[in-house]
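Undergrad: All chains should be built: construct the whole structure from the sequences, respecting the hints.
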Amino acid sequence: MRLAESAAPGSPVSAARKMSSKPLHLIPDWRGDETLYSWSARMHRLLGGATKETGKRLFGASHAYKEWAVSTRLDYLELVTGGSLGNIRSILLQRTVLAAYYPFLRAEQRQDFDERAAIAQRTPWLTRFGMRASTLDGSEMRWCPCCAEKDVGDWGAARWRLPHQMPGAWWCVEHGMPLNRLTPGRAEWILPGVSESSAQLMLTVGQQQTLLILSALAGSLVGQEQINLVSIKRALLARLRDMGVVTSMKPVSPVDLQDWFVKTDLAAAVEQVQPSIQTILARPWIYETLLKRRSNHPLLWMMLWVAAFEGTSQQEVVRGFHEPDATLIWQEDGQGMLWVEGNFQGDDRVQAIVRSAETIRDAARQLNVSIITVRRYMRGAQCSPKLVRAEDRRQSRKEEALAEIESLIQVNPGVSRTDIHQKCKVAVSWLSKWEPELLASLLAQKPEVRERQLELEMSNYTQTGE
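Residues -9 to 456 (this note's numbering) make up the sequence shown, in order.
27 Å max Cα-Cα, derived DSS-like pairs, lysine-lysine:
1. Lys413 - Lys423
2. Lys12 - Lys56
3. Lys423 - Lys282
4. Lys253 - Lys223
5. Lys388 - Lys415
6. Lys42 - Lys56
7. Lys388 - Lys413
8. Lys413 - Lys56
9. Lys388 - Lys282
10. Lys46 - Lys56
11. Lys282 - Lys223
12. Lys388 - Lys423
13. Lys388 - Lys56
14. Lys42 - Lys12
15. Lys46 - Lys12
16. Lys282 - Lys253
Ranges of calculated distance between the beta carbons of each label pair, as one might list FRET restraints:
17. Asn77 - Asp409: 25 to 35 Å
18. Leu398 - Arg355: 42 to 52 Å
19. Thr302 - Leu398: 42 to 52 Å
20. Thr173 - Arg355: 49 to 59 Å
21. His312 - Gly38: 40 to 50 Å
22. Val195 - Asp352: 53 to 63 Å
23. Arg171 - Arg273: 23 to 33 Å
24. Val195 - Thr349: 53 to 63 Å
25. Gln262 - Ser129: 12 to 22 Å
26. Gly143 - Arg96: 41 to 51 Å
Calculated directly from the structure, the hints in this document are not laboratory data.
Note that the structure is a prediction, hence the values are computed from the model and not measured.
Note that the Cβ used here is the ideal one computed from N, Cα and C, for glycine as well.
TA: Written out as structure tokens, the structure reads:
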């Protein structure tokens, strides 16, 4: 527990917000690897007020208890705590599930993230940077009864641990048991219970081990800056070739990849522990993850890695994911696994030139090759020039639509969903067509406000003929 410090001079916080905030006098320290929501729930007990009142005191919003994953109002929290909990970037990446997504962001996305955090810009962090997909992320909080019991003994209260909230963390690494789950629904700041027993699952020893390793890998993302997806793709294809799942003699088959995965211990374990994602796993997700340009969810990358290296120790699996080049087998001629598939070449430099060039002709000139060669190369890398530029335009349009809506919300914090639909028609229309889950997540933060209908006063009317 410590006394709050005053906000740093020159902090980019509006005068109106400073006047409306009330600094906290006593601020609890972080307890281990607890989440921001866990700290807020403990603070609620110290303040002793109503649920919504705590939300206003900590985040300037009565509905803050609903944002258990990450709050959009960290600027307000920084103001009332005087920065005693750390800067916004450290809170986001050390105390919220954004720790799982940040390492997978593109360079320009990470820069945008860092700039927003540095100036305390109010941002729907999870919507903008979280790659949210309702089926893969869910809306639950997880805890281990043994961890909760130990917390009560050490600190007098249980806590929500960040490693347990990460995508794919369904197993307690310390106690080797499945995590309990809670779907927040009531208006309350809640902490884990200690009396509930863990769910009973019919899993083999091998299946339990894969879930433990997957959870350990998910927890290892906390504090990571960047994951090298190009090297991970290369290492995975090399591993699949060693196992005979793919060969250099024929193109990669989506069916063969799916047939291999369903026979793994991880696939059988996930079917029991998280049956809701089976619809995603039923489609050719491995082929899309390895050979398509689109950015896939961190959970899919981790599941694919753990399945590919089944039978390997937990330490080796985790280390290999963060140092994928170390898993490659180097040939005697020193060339190594530069081309892991006959027609697949993961050369970022070539793709970067094609993306930045005004035309394919310009790209060919920079590479000193023919236009046909560029098209053939990119097509072989599962990334045709046409698709590259189309994806870039779509990403740009998505960011423009998000910026328009976020700007409206920032200028008018009390804006309703109806107002957003009316004032950002084009942006809402585009997102509803191309990114419906993203739009739904964004609008979920705002209430639906309709004007109250006037009551019909019969006394104002007279019946003719009387």
